[in-house]
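> Sequence:
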Amino acid sequence: MKPIAKMGILIALIVVVGMVVVVKRGGKPFCCPPSLANQEPNVAAALPETPAADANAAEPNRLPRLVDLGAGKCIPCKAMAPILEELKTQYKDKFEVVFIDVWQNPDAAKPYNINLIPTQIFFDKDGKELYRHEGFFAKDAILAKWKELGVE
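The opening residue of the sequence shown carries number 0 in numbering that gives the first Met the number 0; numbering runs sequentially from there.
These are computed hints drawn from the structure, not numbers from a lab. For every residue, glycine included, the Cβ atom is placed at its ideal position computed from N, Cα and C. Hints are supplied without guarantee of correctness; some may be wrong.
Simulated restraints on C-beta separations [what the hints assert, rightly or not]:
| no. | residue 1 | residue 2 | range |
| --- | --- | --- | --- |
| 1 | Pro81 | Leu129 | 19 to 27 angstroms |
| 2 | Pro105 | Gly134 | 18 to 26 angstroms |
| 3 | Tyr130 | Asp92 | 15 to 23 angstroms |
| 4 | Glu85 | Gly134 | 53 to 61 angstroms |
| 5 | Met0 | Ala137 | 47 to 55 angstroms |
| 6 | Ile13 | Asn60 | 55 to 63 angstroms |
Can you build the whole structure from these sequences, using the hints too?
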């Protein structure tokens, strides 16, 4: 068999394997390679899931909200977990922090139309989206963004 034919077969096999991987992922947002994604701990345990931002529309004293969409087995998402927990406790009177595990609860993530995880979405007190960030977001950067958006 000629080397060009061998190369063509090899490329075809790589394409087929890639398609199988995509199908097996079931359209989940990309975070990290599956080999890394299987590592624990579970981020969802650190921050319980709550309903989407619009669920508070009837509350008279609602706060601005930071929604983090990620997954418990995503490496950057796991790095965000302690930051989100700190923000949730230290700034509970300034803004809410919500974590949604998009792999465990894909229906809750659908309204947000995310492309990758983690994604952080900043909402005002009326549920209007103010800003969206994709990827890891450091605590100082999150606080600076809130300040820029008028939340001290």
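> Cβ-Cβ distance between Tyr130 and Asp92: within 15 to 23 angstroms?
21 angstroms, holds
> Given a hint of 18 to 26 angstroms, does the C-beta separation of Pro105 and Gly134 actually sit inside it?
20 angstroms, holds
> For the range 47 to 55 angstroms, tell me whether the beta carbons of Met0 and Ala137 fit it or not.
53 angstroms, holds
> Using the beta carbons of Pro81 and Leu129, state whether their distance is inside 19 to 27 angstroms or not.
24 angstroms, holds
> How does the Cβ-Cβ distance of Glu85 and Gly134 compare with 53 to 61 angstroms: does it lie in that range?
19 angstroms, violated
> Just to be sure I understand the hint, the distance between the Cβ atoms of Ile13 and Asn60 should be within 55 to 63 angstroms; is that true here?
56 angstroms, holds
Comparing the model with each earlier hint shows a violation of hint 4 alone; every other hint is respected.
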